[in-house]
Amino acid sequence: MTALKKFISGDDAVAEAVRLVSPDVIAAYPITPQTVVVERLSEMVEDGSLKSEFMHVESEHSALSACIGASAIGARTFTATSSQGLLYMAECLPYASGGRFPIVMMNGNRSVALPWSIYGDHRDSLSQLDSGWIQIYVEDAQESLDMTIQSFAIAEHQDILTPVMINLDGFLLTHTYELVTIPEKDIVDSWLKPLENKLAMDFDNPKNMAFSSQPSDNTEFKYQQHIAVENSREKIIEIEKSFAKVFGRSYGGLAEGYLYEDADFIIITLGSVTGTCRSVIRDLRSEGVKAGLIKIRFMRPFPVKEIIEYTKNAKAIAVLDRDISFGYEGAVFTNVNSALSRNNNISLKMNYIAGLGGRDISKDSIREIFKELKEGLIKKPSKTVKFLNLNVETDDNINEEKDNIPQHKSEGVLLWS
Amino acid sequence: MNRPPVTKYIKPKHIKDYPVGPSFRAGYLTSDNSGWRTVRPIIDQDLCIGCQQCYLCCPEGVIYPKEGKVDIDYDFCKGCGICGKICNHKAIQFIKENK
Amino acid sequence: MVRLALKVLGERTITVVPAGCMSAVGFIYPQLCFSNNAIISTFPGTASMLSGIAAAVKAKGHKDVHVLGIAGDGGTADIGLQALSGAIDRGDKIIYICYDNEAYMNTGIQKSSLTPFGAKTTTTPAGENIRGTLTSKKNMFEIVAAHDIAYAATASIGYVQDFINKVYKASLVEGPSYIHVFAPCPTGWGIKTDETFEIAKEVVDSGLWYLAEYENGEFFLNKNPKEFTPVENYLRKQNRFKHLHDEDIEQIINARDSKWERMRRQWNNK
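Chains as they are written, first to last, in numbering that gives the first Met the number 0: chain F, 0 to 416; chain L, 0 to 98; chain Y, 0 to 269.
It is possible that some hints are incorrect.
[What the hints assert, rightly or not] List time: in silico SDA-like cross-link candidates among lysine to any residue, alpha-carbon distance up to 20 Å:
hint: 1; chain 1: L; residue 1: Lys89; chain 2: Y; residue 2: Lys191
hint: 2; chain 1: Y; residue 1: Lys6; chain 2: F; residue 2: Lys373
hint: 3; chain 1: L; residue 1: Lys10; chain 2: F; residue 2: Thr218
hint: 4; chain 1: Y; residue 1: Lys136; chain 2: Y; residue 2: Ile27
hint: 5; chain 1: L; residue 1: Lys7; chain 2: Y; residue 2: Lys191
hint: 6; chain 1: F; residue 1: Lys304; chain 2: F; residue 2: Thr275
hint: 7; chain 1: Y; residue 1: Lys57; chain 2: F; residue 2: Phe53
hint: 8; chain 1: L; residue 1: Lys89; chain 2: L; residue 2: Val38
hint: 9; chain 1: Y; residue 1: Lys200; chain 2: L; residue 2: Asn87
hint: 10; chain 1: Y; residue 1: Lys241; chain 2: Y; residue 2: Pro229
In short, the hints are calculated from the structure, not lab data.
Work the whole structure out from these sequences, hints included.
And the structure:
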């Protein structure tokens with residue numbers, strides 16, 4: 000096998016993956032920082048190396064609506080968007096998942112207006128966590144390519160039949176160049192089976208699709224959808240193993256644990272900032288600090304077991320959120336905390352809100368997080384949710400009320416079970 | 000008439016008996032809608048000349064050609080009265096529905 | 000209307016219907032009333048879903064397939080206009096039928112941009128200060144034609160054969176086609192159900208609606224009456240126009256006359 004190596008960006012890597020997969024229909028509307036994907040795909044259609052129907056849709060809503068239509072008659076479909084575009088197509092997101100349409104979408108993570116910003120954070124995709132899509136977050140361009148290919152296998156698995164959103168950090172990943180191994184098309188073709196969707200329209204056995212259901216049946220349809228995503232965990236892992244066998248690369252399933260076994264302090268991340276954290280952790284390890292990392296790769300289905308397992312020896316954890324749910328905390332932290340409510344050994348759980356609207360997350364600030372975790376074990380910090388690298392002084396009483404909720408005196412007694 | 004037959008709907012007992020996602024056999028009728036009707040059209044076969052205007056205009060598609068003339072599927076007729084107005088030969092009269 | 004269109008187009012037709020009264024009545028599990036392949040789209044998404052299907056039909060190499068969308072006036076002229084414009088622009092082989100009952104009927108008779116001047120709806124009530132709808136009906140047919148679409152037509156369910164012919168014509172077009180059908184809603188307009196056809200015929204005969212086509216870059220009038228039937232008769236039959244004063248009706252007649260003056264001057268007769 001002579002796989003090609005190319006020095007390309009994350010956007011390019013996604014486009015290369017789409018070429019290898021060759022969907023029947025691509026419908027996408029350009030938006031920074033996803034634009035390069037649609038440009039490359041258009042060039043590939045033009046030069047004949049990609050045999051897809053490329054639809055020049057007039058909006059993101061139409062992009063996903065068109066993909067749903069195409070998917071309804073059994074076509075393999077791909078779209079790509081970002082930020083405002085993702086929100087503009089929001090009506091179609093639960094439509095696609097509720098209809099069990101196995102669409103794959105790349106999302107270039109970008110801040111959501113207002114204020115306007117073309118730079119990255121996760122507030123676009125995390126706001127759509129409940130839309131019923133499987134959500135993948137990747138760390139580098141190679142993982143972007145590999146996971147785009149795997150996304151089709153996941154979405155189209157007949158027991159899953161759920162759309163997949165693959166998230167790349169805007170600019171940090173979409174526009175950063177790396178050396179990427181591009182597999183041969185023949186091998187991808189033999190690994191990824193053609194889509195045969197039993198739900199799709201058929202001229203011999205016509206279907207009525209996307210119908211209404213009464214209160215007497217609605218819950219059952221939703222339960223079915225929930226079970227499909229819940230049960231997708233094992234299949235996602237199987238798909239990754241089978242991919243690794245053929246292509247020689249794997250990324251650790253739903254969440255990757257890095258130097259976590261003996262770690263006292265664990266940082267939990269999504270996406271490209273993971274790379275920076277790895278480097279800090281290696282430095283800290285050489286200094287004798289037992290630091291570790293969990294990289295969440297799938298926000299849905301959520302890696303509950305993995306997070307409990309990887310934190311079982313941790314004393315303190317920090318969740319790095321490029322998101323904030325105003326009036327509470329970051330969405331990743333909420334999810335992690337919910338998983339860890341089943342594991343009470345961790346003394347300190349902190350939430351760092353960082354990298355909003357493209358603000359850099361430096362190695363120094365990550366070191367600072369680990370330092371605070373260590374100190375926090377001795378003296379509990381006044382706040383659980385902290386904005387990292389605020390450039391100004393603030394009146395620091397904002398969180399006091401929530402964090403100083405009176406403790407029950409009867410500690411250790413279960414009030415609820 | 001090519002209307003699919005009415006099939007009695009049996010509510011699924013197991014979640015696996017539900018269609019996966021909202022996708023199901025086309026033209027699956029589980030009930031008629033004659034209950035909407037307050038008046039019933041009656042075709043006077045002597046006056047009907049078989050022009051089929053009523054067949055063309057019936058919004059429910061319940062009037063169908065039969066032996067050169069027309070007949071009505073009363074299971075799905077809602078009694079809207081359009082056929083009676085359309086007919087130039089006064090061949091369709093309405094009587095009150097007794098239920 | 001739907002039934003007739005599908006009779007013309009045949010079994011290998013994929014129908015898209017947006018969320019609305021048609022899908023609310025005929026598309027509730029387990030009762031599913033379309034015998035052909037059919038799907039409900041989002042409210043703004045009729046045309047985009049149609050063109051996605053058309054693209055997939057092409058990609059999958061299906062032959063002799065018609066892709067038919069049927070949406071109301073609100074779904075077409077308001078919330079779905081952008082997607083419709085995009086689909087026509089792309090030149091996808093789709094047939095789009097707008098059934099125009101001149102208001103949002105499924106939600107209970109609210110004004111759309113195709114509600115005519117003077118009509119009373121639940122969001123344009125007729126009272127002492129405002130007498131119903133103040134705006135005039137958006138000119139969808141010419142908006143669509145301005146895309147230089149392959150085929151567009153207006154029709155009325157009062158002229159059934161004309162409608163059938165136009166659906167057939169649309170089916171032969173290699174590209175997008177659009178038919179705007181005038182379709183009264185008894186509940187919304189305050190008429191008896193059996194008057195539907197008469198009203199749909201009278202609107203054409205009184206000149207408040209017209210039967211026309213657009214093809215090869217030109218407009219054609221299918222029906223050019225020498226004399227119109229009285230507008231007042233048409234309006235007075237409907238509860239939604241009951242409140243109108245004589246001067247309002249005068250205004251409606253003037254608008255009709257200037258529209259016809261322009262159509263007769265610029266369009267061809269057929």
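Do the hints match the structure? See the list:
1. L:Lys89 to Y:Lys191: Holds, at roughly 19 Å.
2. Y:Lys6 to F:Lys373: violated (75 Å)
3. L:Lys10 to F:Thr218: holds (14 Å)
4. Y:Lys136 to Y:Ile27: violated (32 Å)
5. L:Lys7 to Y:Lys191: Given that 20 Å is the threshold and the Cα spacing comes to 33 Å, the pair is violated.
6. F:Lys304 to F:Thr275: violated (25 Å)
7. Y:Lys57 to F:Phe53: Holds - the C-alpha atoms of Phe53 of chain F and Lys57 of chain Y are around 11 Å apart, at most 20 Å.
8. L:Lys89 to L:Val38: Since the Cα atoms of Lys89 of chain L and Val38 of chain L sit roughly 16 Å apart, the hinted pair holds (cutoff 20 Å).
9. Y:Lys200 to L:Asn87: holds (15 Å)
10. Y:Lys241 to Y:Pro229: Distance ~15 Å between Lys241 of chain Y and Pro229 of chain Y Cα, so the pair holds.
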